[in-house]
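2 protein chains.
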Amino acid sequence: MAGDHDLVLERTLNAPIDLVWEAYTKPEHLKRWFAPRPYEITELELDLRPGGIFRFRMVGPDGFDTGHGTPGCVLEVIDRKKLTWTSALGPEFRPNEMGEGCESFPMTAVVTFEDASGGRTAYKAVALHKDAADRDTHEKMGFHDGWGTVATQLEELAATLAVKA
Amino acid sequence: MAGDHDLVLERTLNAPIDLVWEAYTKPEHLKRWFAPRPYEITELELDLRPGGIFRFRMVGPDGFDTGHGTPGCVLEVIDRKKLTWTSALGPEFRPNEMGEGCESFPMTAVVTFEDASGGRTAYKAVALHKDAADRDTHEKMGFHDGWGTVATQLEELAATLAVKA
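Same order as they appear, the protein sequences are chains A and B. So for the first sequence, the numbering used here puts the first residue at 1; every next one is plus one. So for the second sequence, the numbering used here puts the first residue at 1; every next one is plus one.
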């Protein structure tokens, strides 16, 4: 799956797969971990079905603000196994006009989850790009730091769900 | 569904829905009607599942040739009801680099089929574009003539399948 034009983040999360899936797919949870702090998500829409909207607004230091964000769309949902979404298409699969900054190139994210021993979850996020230039742009934008930081935040959020359960 | 940025072709086909679906979804049939004659399809790949490849090579008069074509991808398959595919993404949902000519803008096609009276099929094909400029480009390229002509060819091909059945 992962090829020359891709970026990959793999991590074993110290949280059970049911809670990791819940933290990833419920908008009220996703909103709390999806931006690497001190950045934060102030608006988020996720309609968990192929063709459903995935849109978020990220704000941060020095007036950073993605605005309402270009709505992307969900492509594939396999319960507690896989979630695929893209910024290349909007709701109901309409092609998107690309935006600015981190929305300047189209990307598809393929996120997979697998049960690991000891109540842990093998988590893999692959970002697919159309070419090496877009991959490089994304990498220089801080892909590894950013996606790594939010993986830790995802793990922490999932753990708080366990306490509540 | 169809909005300002879309182009729509609607037609009641004189062929039963089972055969229309078969003519649309089996590569060996699709190849025979998908290009408006005298254009023809010389290569075609269709893997009928979300993320599966949809690629065709069209050749025609005066040396017209799309080459091997940019592979698009299937988004949604609902048996004898709906087929959605896009040129914005390639196999396994990777964002596509846009090509030239009729591949210069991304497009999503939403094709729906409904049983009509007298063994006929209500057929609707909607082309979704990212903006009005792409819609206009597609329209001037001859959308209505082209998609209308192939709808007739689809109807004829489906009828030959009935004779064989």
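Hints listed in this document are in silico derivations from the structure and should not be mistaken for laboratory results. Hints may contain errors.
[Unchecked claim] Computed cross-link-like contacts, DSS-like style, restricted to lysine-lysine with a CA-CA straight-line distance of at most 27 angstroms: (1) A:124 / A:82; (2) B:82 / A:82; (3) A:81 / B:82; (4) B:81 / A:82; (5) B:124 / B:31; (6) A:124 / A:140.
[What the hints assert, rightly or not] Estimated spans, in silico, between C-beta atoms of each pair: (7) A:47 / B:38: 39 to 47 angstroms; (8) B:162 / A:78: 34 to 42 angstroms; (9) A:79 / B:47: 17 to 25 angstroms; (10) A:146 / B:60: 25 to 33 angstroms.
All figures in this text were calculated on a predicted structure; none of them were measured in a lab. Glycine included, every Cβ here is placed at the ideal spot set by N, Cα and C.
These are the hints, each one checked on the structure:
1. A:124 / A:82: Distance of about 10 angstroms is within 27 angstroms: holds.
2. B:82 / A:82: holds (23 angstroms)
3. A:81 / B:82: holds (25 angstroms)
4. B:81 / A:82: Judged against 27 angstroms, a Cα distance of about 25 angstroms means the pair holds.
5. B:124 / B:31: holds (19 angstroms)
6. A:124 / A:140: Within the cut-off at roughly 20 angstroms; holds.
7. A:47 / B:38: 39 to 47 angstroms: holds (44 angstroms)
8. B:162 / A:78: 34 to 42 angstroms: holds (38 angstroms)
9. A:79 / B:47: 17 to 25 angstroms: holds (23 angstroms)
10. A:146 / B:60: 25 to 33 angstroms: violated (47 angstroms)
Going down the numbered hints, you'll see the structure goes against just number 10.
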